[in-house]
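Participant: My request is simple: use the sequences and hints to build the entire structure.
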Amino acid sequence: MELSAAFWIILTGSLVAASCGILGSFLVLRKMSLIGDAISHSVLPGIAIAFIISASRDVLPMIIGASAFGLLTVFLIEILNKKWRVQEDASIGIIYTALFAIGVILISMMAGHIDLDQECVLYGEIAYTPWDIVIINGAEWGPRPVWFIGTVFIINILFIRTFYKEMVISSFDPALAMSLGFNVSLLHYLFMGMVSLTTVASFESVGAILVVAMLIVPGATAYLWTNRLPVMLILSVIFGILSSVFGYLLATYWESSIAGAMTVAAGILFLVSILLAPQYGLLGKFYNHLKLSVSFASDHLLLLLYRQLEREPQTLVIPGAVYQSTSTGRLPTLLALMKNRRDGRISKRKKHLYLTDSGKEMAHQLIQRHRLWERFASRELGLPDDEHVHESAHRMEHFIDENITEELYQVVNNEKSSKSKAKDKYEKK
Amino acid sequence: MNSGTNNNIPIEIHDMTVAYHKKPVLWDIDVTAPEGKLIGIIGPNGAGKSTLVKAVLDLIPKASGWVKIYGQPYTDMRSLVGYVPQKESVDWDFPVNVRDVVLMGLYGQLGWFKRPKKQHIKSAEDSLKQVDMEDYADRQISQLSGGQQQRVFLARALAQDAQIYLMDEPFAGVDAATENAIIKLLSNLREKGKTVLVVHHDLSTIPKYFDWLMMLNMRIIAAGPVKEVFTTENLRRTYGGKLTVLTEAADKISQAGSVHK
Chain A
1 MELSAAFWII
11 LTGSLVAASC
21 GILGSFLVLR
31 KMSLIGDAIS
41 HSVLPGIAIA
51 FIISASRDVL
61 PMIIGASAFG
71 LLTVFLIEIL
81 NKKWRVQEDA
91 SIGIIYTALF
101 AIGVILISMM
111 AGHIDLDQEC
121 VLYGEIAYTP
131 WDIVIINGAE
141 WGPRPVWFIG
151 TVFIINILFI
161 RTFYKEMVIS
171 SFDPALAMSL
181 GFNVSLLHYL
191 FMGMVSLTTV
201 ASFESVGAIL
211 VVAMLIVPGA
221 TAYLWTNRLP
231 VMLILSVIFG
241 ILSSVFGYLL
251 ATYWESSIAG
261 AMTVAAGILF
271 LVSILLAPQY
281 GLLGKFYNHL
291 KLSVSFASDH
301 LLLLLYRQLE
311 REPQTLVIPG
321 AVYQSTSTGR
331 LPTLLALMKN
341 RRDGRISKRK
351 KHLYLTDSGK
361 EMAHQLIQRH
371 RLWERFASRE
381 LGLPDDEHVH
391 ESAHRMEHFI
401 DENITEELYQ
411 VVNNEKSSKS
421 KAKDKYEKK
Chain B
1 MNSGTNNNIP
11 IEIHDMTVAY
21 HKKPVLWDID
31 VTAPEGKLIG
41 IIGPNGAGKS
51 TLVKAVLDLI
61 PKASGWVKIY
71 GQPYTDMRSL
81 VGYVPQKESV
91 DWDFPVNVRD
101 VVLMGLYGQL
111 GWFKRPKKQH
121 IKSAEDSLKQ
131 VDMEDYADRQ
141 ISQLSGGQQQ
151 RVFLARALAQ
161 DAQIYLMDEP
171 FAGVDAATEN
181 AIIKLLSNLR
191 EKGKTVLVVH
201 HDLSTIPKYF
211 DWLMMLNMRI
221 IAAGPVKEVF
231 TTENLRRTYG
241 GKLTVLTEAA
251 DKISQAGSVH
261 K
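The listed protein sequences correspond, in order, to chains A and B. Residue numbers in the first sequence follow my numbering, run continuously in steps of one, and reach 429 at the last position. Residue numbers in the second sequence follow my numbering, run continuously in steps of one, and reach 261 at the last position.
It cannot be assumed that every hint is accurate.
[To be verified] Some chain A residues close to chain B (C-beta under 8 Å, calculated; not the full set):
(1) Leu29
(2) Ser33
(3) Asp173
(4) Leu290
(5) Lys351
[To be verified] Here are some of the chain A residues that sit facing chain B, going by a computed Cβ distance under 7 Å:
(6) Phe172
(7) Pro174
(8) Ser179
These aren't lab readings, by the way, just hints derived from the structure by calculation. Here the structure is a predicted model, which is why all the values come from computation and not from measurement. Beta carbons: idealized from backbone N, C-alpha and C, even for Gly.
Facilitator: As structure tokens, this is what we get:
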């Protein structure tokens, strides 16, 4: 029994997180996370009214009530923003707090009459999921919340599959979508309807506050890992499921709120992603930064050895001297030295460093680029012929690839550059 | 100008006024674009160049007047019109690649629900070839330079295979290679008899790039062949000083809260 209870809770949590994750990915991309936040709160009066009218926890009145209020929220925010020119974030803040407050008042007025309290609304009751069983003709058909959120999950998948192309174009370039004849605002309201529906289904499990986290965190986490939209959607589902599983384990360990722990787990996954994600993560950024530093250090190293060779061919350079005379730090210099030795540009004999022929060639090219930039800086950028051009060239020499070299050649070797020609022309006028 | 329709005219704008928050930004625009020409739209900042393009495409409501595309309303003729928005109008960090963006040009032909097939992918790649970007099909759009972004937008419009193209500042902030690619593309389009309207900023290149010109500053100052209308006098009227009368009138209307019909 204990095990199957755990199973139902984790399944419910996963379905909530996955449903919210898919829609949340699009909310994040459409820069509408706050709208998701707003809807997840402002459906409350809809749910309360449905409760009062139907006097039951039937799903259908709840969906109708919540969807109506979800769409009303979006509509009112738009009216405030477009017609009355209230800032969009202010409009969102005004509308959703007002509607949520109405919901809270309705529920507190009805307290005692209906089976719904503020506690449940705010924090959900996922822990009771296994005991809220659907019974048809005396047979048990599993927990009601699982059926509800499971159905919504499938509807979400079908929605995104059906309108994938339309969602992509209207999120990326709504003006183009409109000019091609797609009804962008209809799709917008359909999508908002889906967010409302998903919110209601998630509501009783994880509560109003945590729905927000589920709508935004898995999608935002997935966005850190990829720049392919289909991958992002799949990852958001996976992160949702992981949050649910880890969250449940954390909650059992801490003996705490399950929904709260699931949200904390989602937050932890986000933090881990910030650290580890390949392109946008800190580790990835650190790696890229190090790679750049190594390439700087490598340039410095080659130049140092080359200049030494030009000035005093007899002087020997020991590795220790290299660390002191380059400005890029010890680790990048060490890595640059290893790389250049491996590539056969620098050789080491009797503890002293030498440039090989290919190393000399490389250093020669670097110096040429440096001088080319100095000439360019002095003639085209109008820098004075002293430290200024040297410093500028010192910074730029690392970035000058073959294409730029070619262009610099053309500019510097022509009598006049296109820029100064244009200037002459302008002055003549 | 008579108010009847003419089926040989790619774009006919009749007495069109456009307002933002009830404040008119374009006044009584009455102009036609001739077929098969490269047409520049110039004017100072805030002259309403982008607004004109968007109003033609039915993206923003008109306070009065109408636009016809080959004698029909835009909504019936949208398959004949290709649009290149300003490249700053979209989020280039959006998680799609170059091919995906160019395919969007074909979504109009596909209509709702249908997915792109092999022939669509091929035609997207052909369009990329026309702007020398065929090697970038799998590249994420976040990794493109400004010029490459612009070329992707042009390829997307080419994929639409339209008769009329409306381009909003395609030359803004692009490198020399892209500028040349756009010029080549424009002359290809002209050879095929397409009509192209280009919002443009650089006055010095107008005689070189365009056959025809619309000079705009809240109203049409002059429209016609470049040789005839690109004169110092017209430039002075387009760019010289503010049009105080229209600006004041627009403020009055916006305060009164309604636009006469």
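Participant: Take the hints in turn and mark each one as holding or not.
Facilitator: Results for each hint:
{"no.": "1", "hint": "Leu29", "in the structure": "6 Å, holds"}
{"no.": "2", "hint": "Ser33", "in the structure": "14 Å, violated"}
{"no.": "3", "hint": "Asp173", "in the structure": "5 Å, holds"}
{"no.": "4", "hint": "Leu290", "in the structure": "20 Å, violated"}
{"no.": "5", "hint": "Lys351", "in the structure": "44 Å, violated"}
{"no.": "6", "hint": "Phe172", "in the structure": "5 Å, holds"}
{"no.": "7", "hint": "Pro174", "in the structure": "9 Å, violated"}
{"no.": "8", "hint": "Ser179", "in the structure": "5 Å, holds"}
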